[in-house]
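> One letter stands for each residue in the lines below.
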Amino acid sequence: MNPAMTPVATPFFFYLLSGLAILGGLLVITRRNAVHSALALIVTLLAVAGLYLMLYAPFVAGVQIIVYAGGIMVLFLFVIMLVNLERTIRERQFNRIWPVGLVAGCALLALFLGVYAKGKSLFPEQARGLAEGNNTQQIGEMLYGNYMFAFEIASLLLLVAILGAVIMAKKRI
Amino acid sequence: MLNALMSYLGSNVTPGEANNQLWALIYVLIIFAGVSVAVVAMNWLERKALAHFQVRLGPMRVGPHGLLQPIADAVKLLLKEDIIPAEADKFVFWIAPLIGLLAAFTVYTVVPFGPSQAVSDMNIGILFMLGVSSLAVLGIVMAGWASNSHYPLIGALRSSAQMVSYEVAMGMAVVSAVLMTSLHGTGLYGASSLSDGTGTLSMIGIVQAQQEQQVWFLFKFFPLGLIAFVIFAIAMVAETNRAPFDLPEAESELTAGFHTEYSGLRWSLFMLAEYAAMIAVSSIAVTLWLGGWMRPFPHWLSGSVWDFIFSLFPGLTFLGLAAIAVRGTLRMPKHNYFRVQTIGLGAFALVLGGIGLLLLAIAIGARASSSEAIARAADSMNNIYWFMIKIAVFMYLFIWYRATWPRYRFDQLMKVGWKVMLPISLGVLIVTAIVGVIA
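For the protein sequence lines, the chains are A and B, in the order given.
1 is the number of the first residue of the first sequence in our numbering; add one for each residue after it.
174 is the number of the first residue of the second sequence in our numbering; add one for each residue after it.
In short, the hints are calculated from the structure, not lab data.
Worth double-checking, as some hints may not be accurate.
Keeping only pairs whose Cα atoms sit at most 30 Å apart, straight-line, the calculated BS3-like set for lysine-lysine is [as the list claims (entries may be wrong)]:
#1 Lys221/B - Lys263/B
#2 Lys263/B - Lys253/B
#3 Lys588/B - Lys170/A
#4 Lys263/B - Lys249/B
#5 Lys592/B - Lys221/B
#6 Lys253/B - Lys171/A
#7 Lys221/B - Lys253/B
#8 Lys592/B - Lys170/A
#9 Lys507/B - Lys171/A
Partial pick of chain A residues on the chain B-facing surface, computed with a CB cut under 7 Å [as the list claims (entries may be wrong)]:
#10 Ile22
#11 Pro58
#12 Ile66
#13 Val74
#14 Phe78
#15 Asn146
None of these values were measured; they are calculated from a predicted model.
Just so you know, even glycine gets a beta-carbon here, dropped at the ideal spot from N, CA and C.
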């Protein structure tokens, strides 16, 4: 048996996961039924988690599944089920800000094309040999060491958002 | 082919680590079959135990003591008409049970039945288990919504609210156990410093940390580990929608909750997923707090003699089961009508006794001979046995809970989740960190 690990990051899986992500994304904006859109979004999020795994970032992939696919999307579905779906189905699917969308889409496309054209000079030739084994520790050291301040600010922001939501939702404080 | 098959046997790591796809596939198939059989056995045991709790006999007709009842049920469910309501969302209705089943079975990839008896050892093992099992709620929510009916929808809403609430407390309890893998402080009932102080999320690594520190995390920093374990043990009942937290399928108020509109095979897939998820969360609890595959007192009662004595347990367990079956056979009514059942139960006792004798032979053989293969077989047998026996305790607890406690009201459920469990689990996490740094 070959002791060396075969790389996980084969092109086949990359194309499979990217294709799934793009397909899911397209379904999210084209389905009329909001629940179907949410389910398609879950497919996209899981495919992106797979892409993280291919980048040797298992911790980020795990958190992606727990937080987005398992937590936030369940809350999304929860809310969508309480909404009157029949009315939303009868309404127009796209509103009238498509010129803005067009400009933004073109800008993003230009960015992608630019990166694609100059890709060789922008990125290193080889992927950095990041250790998969201590990925979690590295993230921990980054978050609670180098970027402690930014991390704490972000959590403070979230706390403020939670307080705001509670105050808005409660009739009597 | 044979070469590829044999290539793994001498190795000391999981198939995932050895990068041996063939053996990984074999492990997956073994685990799938094993879990399915366990679910069937659990089905029978639950009906029998519940019945005895309520001074009934439970299933008695199909096979001796109703032993063949689960098979009869399975056949019935397979043959039943598969109904999809006319107003249902067909695709979602169709895929919902599959998602629940997939989530319940995928987590077994990382369950460590022994130091090398797992499909793979991921370095995010526990995170993977929590993440994938949190996807199971999607199946329930989709089922409830796609049925396009009131009771299932209410069941699904309850389920999603309940699972999201209890996941938080569960996660905190798990984090405090993961924290313990990195804290080698002497504390109470813990060995002194051993490693460089980095923890691990890998399921096998967590058990090995308990082995190194010579303490089950249940007893580490007493009573902190115990409190975290109790929080987890409560949250895992809520996560699997079992009584007393079975509001999503509360039959007295919601008919059958989220699977009211399901029938036949699809319904049985939901049941399979529920029981598989119960075994999965129990295995998390066993791995994190109860020392995984380790036998009791591996350090206090160490030495080859104690090893040998404990390795007799698997065989003796099966012999004990065989003795119960023999007693049942002897107590069978001596009437012609019961002849087939008596013979069947006797044969069952013979099979159990044969397995017991085989396991005993392996244990004695490992001590008597110096053969490497037998020693490895005995090792695997012990690891898997102790892991399973710990899970079995939890499975019995699930039944016991169901027989004992009345169902929570929904507001009580939310109150317990957010106002009791979450603060306690947060407090335990913080105190564990403080104690770990000081001790």
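> For each hint, tell me whether it holds in the structure or not.
Each hint tested on the structure:
For the hint pairing lysine 221/B with lysine 263/B, the CA-to-CA distance comes to about 36 Å; that exceeds 30 Å, so the pair is violated. Between lysine 263/B and lysine 253/B the alpha-carbon distance is near 19 Å, which keeps this suggested pair within the 30 Å criterion. For the hint linking lysine 588/B to lysine 170/A, the alpha-carbon distance of about 17 Å falls within 30 Å, and the restraint holds. At most 30 Å may separate the alpha-carbon atoms for a hinted pair to count; lysine 263/B and lysine 249/B meet this at roughly 24 Å.
Between lysine 592/B and lysine 221/B, the direct Cα distance comes to roughly 36 Å. Violation of the 30 Å bound is thereby established for this hinted pair. Note on lysine 253/B and lysine 171/A: the hinted pairing is violated, with a Cα-Cα distance of about 51 Å set against a maximum of 30 Å. A threshold of 30 Å between alpha carbons decides the hint, and for lysine 221/B with lysine 253/B the separation of about 24 Å falls inside it, so the pair holds. The suggested pairing of lysine 592/B with lysine 170/A holds, with an alpha-carbon distance near 17 Å, which does not exceed 30 Å.
For a cut-off of 30 Å, the pair hint linking lysine 507/B to lysine 171/A is broken: about 73 Å separates their Cα positions. Because the beta carbon of isoleucine 22/A sits about 20 Å from the nearest beta carbon in chain B, more than 7 Å, this interface hint is broken. Contact between proline 58/A and chain B, as hinted, is supported at the beta carbon level, the nearest pair being about 4 Å apart and thus within 7 Å. With a least beta-carbon distance of about 4 Å to chain B, the hint placing isoleucine 66/A at the interface is held under the 7 Å criterion.
At a threshold of 7 Å, the smallest CB-CB gap from valine 74/A to chain B is about 5 Å, leaving the interface hint in force. This hint holds: phenylalanine 78/A has a C-beta 5 Å from the nearest C-beta of chain B, less than the 7 Å allowed. A cut of 7 Å between beta carbons decides the hint on asparagine 146/A: the least distance to chain B is about 17 Å, and the hint is violated.
The structure is inconsistent with the numbered hints 1, 5, 6, 9, 10 and 15, although it conforms to all the rest.
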